[in-house]
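Q: Line by line, the protein sequences are chains A and B. Be aware that the first sequence starts at 303, since it is given in the working numbering, and climbs by one per residue. Be aware that the second sequence starts at 303, since it is given in the working numbering, and climbs by one per residue.
Hints are supplied without guarantee of correctness; some may be wrong.
Taking lysine-lysine pairs in the DSS-like style, the calculated list, with each CA pair at most 30 Å apart, reads [as the list claims (entries may be wrong)]:
#, chain 1, residue 1, chain 2, residue 2
1, A, K401, A, K485
2, A, K499, A, K401
3, B, K485, B, K401
4, A, K401, B, K365
5, A, K401, A, K365
6, B, K499, A, K365
7, B, K401, A, K365
8, B, K401, B, K365
9, B, K485, B, K499
Rather than coming from a laboratory, the hints here were simulated on the basis of the structure.
Spelled out from the first residue to the last, the chains are:
There are 2 protein chains.
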Amino acid sequence: MERLEHRACFGGWQDVYRHRSDVLGCDMTVGVYLPPQAAGGTRLPVLYWLSGLTCTEQNFITKAGAQRYAAEHGIILVAPDTSPRGDDVPDAEGYDLGKGAGFYVNATQDPWARHYRMDDYVVRELPAWVEAHFPASDARAISGHSMGGHGALALALRNPGRYRSVSAFAPIVAPSRVPWGEKAFGAYLGPDREAWKRYDATELVATATERLPLLVDQGGDDEFLDGQLRPHLLQAACEAAGHPLELRIHPGYDHSYYFIASFIGRHIAHHAAALSA
Amino acid sequence: MERLEHRACFGGWQDVYRHRSDVLGCDMTVGVYLPPQAAGGTRLPVLYWLSGLTCTEQNFITKAGAQRYAAEHGIILVAPDTSPRGDDVPDAEGYDLGKGAGFYVNATQDPWARHYRMDDYVVRELPAWVEAHFPASDARAISGHSMGGHGALALALRNPGRYRSVSAFAPIVAPSRVPWGEKAFGAYLGPDREAWKRYDATELVATATERLPLLVDQGGDDEFLDGQLRPHLLQAACEAAGHPLELRIHPGYDHSYYFIASFIGRHIAHHAAALSA
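Can you build the whole structure from these sequences, using the hints too?
A: Now the structure itself:
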């Protein structure tokens, strides 16, 4: 592993690392924020942040303003890139498939299956790397934005007991039923829509064995609200399943990091309460 | 004028406008943050933010996290671009002269004198535009980073009574004595170094008729500290002149927006106290 950036921030350090991912078969970059409490010798809980389409590890660490709250609560923030990268990794035309668009699934179809295993990377390999190299405990929370909000919800629901808390900003709640998800799942998982259910939060809540509360914030003026995000499908699925959900629609807010910055403090407080419980 | 961006943020609106500048002879883009209190009908004080080399209006509004604090204190934030722009505007090789490097002076030399009048723009034309089009009072504060820190200090010292408060992050305190300033001042103001004193904070404090306290934060591990910034020259000049200065060196912090984000809350609180006094 190599440290690419090391910047003092709110009394701690915003670092960026490059490390080898055997799961993905490539090098990956990861943002790691170590709050001031990381110097104290005790292991700290970790919030994993999954970014949206086109993003790298940079978007969240430069624009969300999350470090202030992580420093207040003593939480490590880990923000990985959104897909495998490198010349060996297949890509596609368009911003919504291939590099920058991993969708946090384990692909089963060629040419994607070899490298596009973001599920295994985020859920297993990345936490193992974090917990081996940083003063990180195994108390984990997960959140994300848009495609990454889908990832956070789906991976938390698929892995009961693995995360203490989950939240999402403007998530793609029902990827099986919107264009972004249909394109990506069709490519990565193949034409059989049954296979898509394993990564669709609105399907996963129906069979969830753990009633982990879902916290979702959504901008009311988000340009993708009706076409791609459709949070009311998650609301209906949670009501049908009796799964706890707090969904807040914020009039005026759009899909940008200005929206995330405005509410990330509330999410980190939510995770901090669960992580210290 | 044209509104290019309009994004809900911390209960207010982060807007970006394009407006015609007669002073600069070109169109300019400006970030304007209107806090939630701007909807209340009363005129609010304004903090003008001057960015550094290579920046546009985007850097501060996307990376500093200042909107949270402006919303708390009810302050409008105005962040202009850092130079005149457009095909008619002369430019130079390198990032430290010409476009993106206006240095907040009124140029007197060809080919710069026609467009490079950032002093007049920032001190006169921009506030007049802001106070005509937004619920802004004439209670003004000014701050900035690096080249913009120089601008904030120099323009406040040159214009007693115009600003209620001034602060700077990692400012170029003595442009007459460091490479960035020597190159820019030589081009914009000509070879006579006497003319440079009008825009050099370490010279201006010696003759300042108003004892406006200077608040300066500086990263101790800033890569430009010794070569370009040299805050101790300002400290010495203030001591010699009896000018009030609070200079804080922060070990570990560099020149990036992570440094600004870490301390912008303190600066906005400082300005809020002066603006409401």
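Q: Against this structure, judge whether each hint is valid.
A: Going down the list of hints, with the structure as the test:
1. K401(A) with K485(A): holds, 14 Å
2. K499(A) with K401(A): holds, 23 Å
3. K485(B) with K401(B): Status holds; Cα separation ~14 Å.
4. K401(A) with K365(B): holds, 25 Å
5. K401(A) with K365(A): The hint holds at about 21 Å.
6. K499(B) with K365(A): violated, 37 Å
7. K401(B) with K365(A): holds, 25 Å
8. K401(B) with K365(B): Satisfied, since the Cα-Cα distance of roughly 21 Å is no more than 30 Å.
9. K485(B) with K499(B): holds, 15 Å
In this structure, the one hint that does not hold is number 6.
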